[in-house]
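Visitor: This is what each chain is made of:
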Amino acid sequence: MSTEKQTLRRILDRLFVPLTVGPTLLWIAAIIVYPTAKLLISSFQFRNPVTNEMEFVGLRNFRRLVLAREGGSATFGVFSPEFVAVTKNTVVYVGCSVTISFLLGLGIALLLNKDLKGRGWFRTAVIVPWILPYVMSGLMWRWMFQADFGAINGLLQQLGVISGNVPFLSDGGLAMIALIIADVWVFTPFIIIILLAGLQNVPEQLYDAAEVDGAGRWSRFWNVTYPFLKPSILVALTIRIIFDIRALDLVWVMTGGGPGKATEVWASWLYRTAQVFNSPGPGAALGVVLLAVTFAIVAILYKVFGESPYEA
Amino acid sequence: MSKVELTELVKRFDDVTAVDGISLEIPDESFTVLVGPSGCGKTTTLRLVAGLERATDGEIHIGDELVNDKRAYERDIAMVFQNYALYPHKTVRGNMRFGLEQHNTPEDVITDRVQEAAELLQIEELLNRRPSELSGGQQQRVALGRAIVRDPAVFLMDEPLSNLDAKLRVKMRAELNKLHDELSTTTVYVTHDQVEAMTLADQIAVMDDGEIQQVGAPTNVYMNPRNMFVAGFLGSPSMNFLEGTLEESSTGKFELELGGDTHDVPDEFVDPLTPYLDDRVVLGIRPENIALNKDGVPANVHPATVNVVEPQGEKTILELSLDTGQNIKAAVDPDTVVERGDSVNLRFDRDSLQYFDPETGESLTHDSKPEQKVTPT
Numbered sequence: 001m002s003t004e005k006q007t008l009r010r011i012l013d014r015l016f017v018p019l020t021v022g023p024t025l026l027w028i029a030a031i032i033v034y035p036t037a038k039l040l041i042s043s044f045q046f047r048n049p050v051t052n053e054m055e056f057v058g059l060r061n062f063r064r065l066v067l068a069r070e071g072g073s074a075t076f077g078v079f080s081p082e083f084v085a086v087t088k089n090t091v092v093y094v095g096c097s098v099t100i101s102f103l104l105g106l107g108i109a110l111l112l113n114k115d116l117k118g119r120g121w122f123r124t125a126v127i128v129p130w131i132l133p134y135v136m137s138g139l140m141w142r143w144m145f146q147a148d149f150g151a152i153n154g155l156l157q158q159l160g161v162i163s164g165n166v167p168f169l170s171d172g173g174l175a176m177i178a179l180i181i182a183d184v185w186v187f188t189p190f191i192i193i194i195l196l197a198g199l200q201n202v203p204e205q206l207y208d209a210a211e212v213d214g215a216g217r218w219s220r221f222w223n224v225t226y227p228f229l230k231p232s233i234l235v236a237l238t239i240r241i242i243f244d245i246r247a248l249d250l251v252w253v254m255t256g257g258g259p260g261k262a263t264e265v266w267a268s269w270l271y272r273t274a275q276v277f278n279s280p281g282p283g284a285a286l287g288v289v290l291l292a293v294t295f296a297i298v299a300i301l302y303k304v305f306g307e308s309p310y311e312a
Numbered sequence: 001m002s003k004v005e006l007t008e009l010v011k012r013f014d015d016v017t018a019v020d021g022i023s024l025e026i027p028d029e030s031f032t033v034l035v036g037p038s039g040c041g042k043t044t045t046l047r048l049v050a051g052l053e054r055a056t057d058g059e060i061h062i063g064d065e066l067v068n069d070k071r072a073y074e075r076d077i078a079m080v081f082q083n084y085a086l087y088p089h090k091t092v093r094g095n096m097r098f099g100l101e102q103h104n105t106p107e108d109v110i111t112d113r114v115q116e117a118a119e120l121l122q123i124e125e126l127l128n129r130r131p132s133e134l135s136g137g138q139q140q141r142v143a144l145g146r147a148i149v150r151d152p153a154v155f156l157m158d159e160p161l162s163n164l165d166a167k168l169r170v171k172m173r174a175e176l177n178k179l180h181d182e183l184s185t186t187t188v189y190v191t192h193d194q195v196e197a198m199t200l201a202d203q204i205a206v207m208d209d210g211e212i213q214q215v216g217a218p219t220n221v222y223m224n225p226r227n228m229f230v231a232g233f234l235g236s237p238s239m240n241f242l243e244g245t246l247e248e249s250s251t252g253k254f255e256l257e258l259g260g261d262t263h264d265v266p267d268e269f270v271d272p273l274t275p276y277l278d279d280r281v282v283l284g285i286r287p288e289n290i291a292l293n294k295d296g297v298p299a300n301v302h303p304a305t306v307n308v309v310e311p312q313g314e315k316t317i318l319e320l321s322l323d324t325g326q327n328i329k330a331a332v333d334p335d336t337v338v339e340r341g342d343s344v345n346l347r348f349d350r351d352s353l354q355y356f357d358p359e360t361g362e363s364l365t366h367d368s369k370p371e372q373k374v375t376p377t
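Residue numbers (our numbering), protein chains in the order written: chain A, 1 to 312; chain B, 1 to 377.
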């Protein structure tokens, strides 16, 4: 081979990595880095209603959202009642939905992992709620919880549990419960699928070994199943919590955050602030808070479930 | 220490019968090997003894106790699995402790037993490692250690050496032998490897098709197989089978007409073979019992042509075709000078001949040889 050809080959070889990885990096920059930077910048700005220009306002957006106001100025150390209420709603909504759907999903996954008749059919059927568009599920549940002709009112009355119509979605406490029920219904299949995949990774012989070693059901779960399921639990919980924190579809369609602010969560508050009230600055500030909280939760999840059973 | 007794044991999975009414006595302190091809029911039998499968019918006694309805951990057994089945997230120590912890053994006893077993198996320096940091041979030792710390009445081993490379397998085989000498725990060992079976066992049970074909001391089963399956399964290369018609010669002797060649039947087999006169009979001869005679043609030799010469070091395997058209293998001394295409004469060692019924596969001469008694080493 001539020297020129060798030199050309060497140059092309050296370009291999930039040429293959480069476009991907640009794409990531375009869809992740730019919006995140834009969000961060916007959170420090406020749109002047007269000039329609974005003006730098420092931490004012954060202060106004988070802190209580007295006579027009924010008071440090005291949270705004709206922030407290929305945060409480979000914790209740995410906490209850994720916990219930996780436990339910784990139970069903363990059941479907057994050699039961009709298992294949059930495995397919169980996915249905998750593959429906969330907005559609939201509409369906709204009609089911409807006060005058909703299916749930009808069912509960026929069963004799309630005597008159219950306005589920316009009663503060009941609306949150209705939301959680709908959310669990929609997202449990996701947990089932992920955990079921994880359960297939457990070597059968380990159960035999544990049986011979004298481990009971609980001990077998903790000492054999759980270590192998941890990576799947991490994926399931991470995605599930992220989804729920930013979940807007179900809340917006079913209750719109109401009645009053009874079911207003961070995602719906953000949407209302940024889009409905046309305030991109405060909306972005809320987005930054959400991002930070989500990161913190994911970090904790990785700490708890991040170790693979084969890792030393 | 305990004996194990299986009586008319049956295991059916839906419509497949994996174990078909086997009876077997495993003497106390013996090393009994269940050997057979894949799917013969040997592993299922072991799992039945372990309590990992429930018997469809029949009885399992460990010691004097009927254990059919007992759970695995109530049976005082410990098991070593083919893939070791170590808990990957636990350290070696954790793996060895686990069984004892589940039985609420006092902490000081656990510590002592783990230490003793680790010393015995020379894995003390591995106690704080995880299985993923160990080689196959080390994992194997840990799996043995996990069984030993339990100090069970019976060890059950399911092809424990099959995942090791050839050299390590030979080494571990010797160590298992030594371990059994030291601990004298009754051991039931499953393998498809007949060399492993022959070298480890006090008692060998050859299985096929869910049934035990023959039980006995390894050498005895090898030398005196009950049927063509056992004869063909034990030994490598396996026994040659030549089918022919049994005839009486003009001198009153029996000979096997092999289609152009005749084989003289030794006098001691005349009695058991008499009912088969003028009938088909299979002659069995092991490759190592065939000698090569390149010179002249004395009586009772079989002319053949060499097809393949396979030097294996300590012996050379020849693939030959007899002039009758039948193929045959012979194991000869490595210094034998022979080439492909050579015409040779084969001489069968007359003390090592076996005769079988071609239809049932049963040995016709099995009973005329004395049985050897099994004594645990």
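Bear in mind the hints are in silico, worked out from the structure with no lab data behind them.
Glycine included, each C-beta is placed from N, C-alpha and C at the ideal position.
Possibly wrong hints are sitting among the right ones.
[What the hints assert, rightly or not] Coverage of chain B stretches by chain A, computed from C-beta distances (three or more under 8 Å per stretch; other residues unrestricted):
#, stretch
1, 70-81
2, 178-188
[Claimed, not checked] Some chain B residues near chain A, calculated using beta-carbon distances under 7 Å:
#, residue
3, Leu52
4, Thr56
5, Ala85
Visitor: Next, verify each hint and record whether it holds.
Guide: Hints, verified against the model:
| no. | hint | in the structure |
| --- | --- | --- |
| 1 | 70-81 | holds (count 7) |
| 2 | 178-188 | violated (count 0) |
| 3 | Leu52 | holds (5 Å) |
| 4 | Thr56 | violated (17 Å) |
| 5 | Ala85 | holds (4 Å) |
Of the hints listed earlier, those the structure fails to meet are numbers 2, 4, in rising order.
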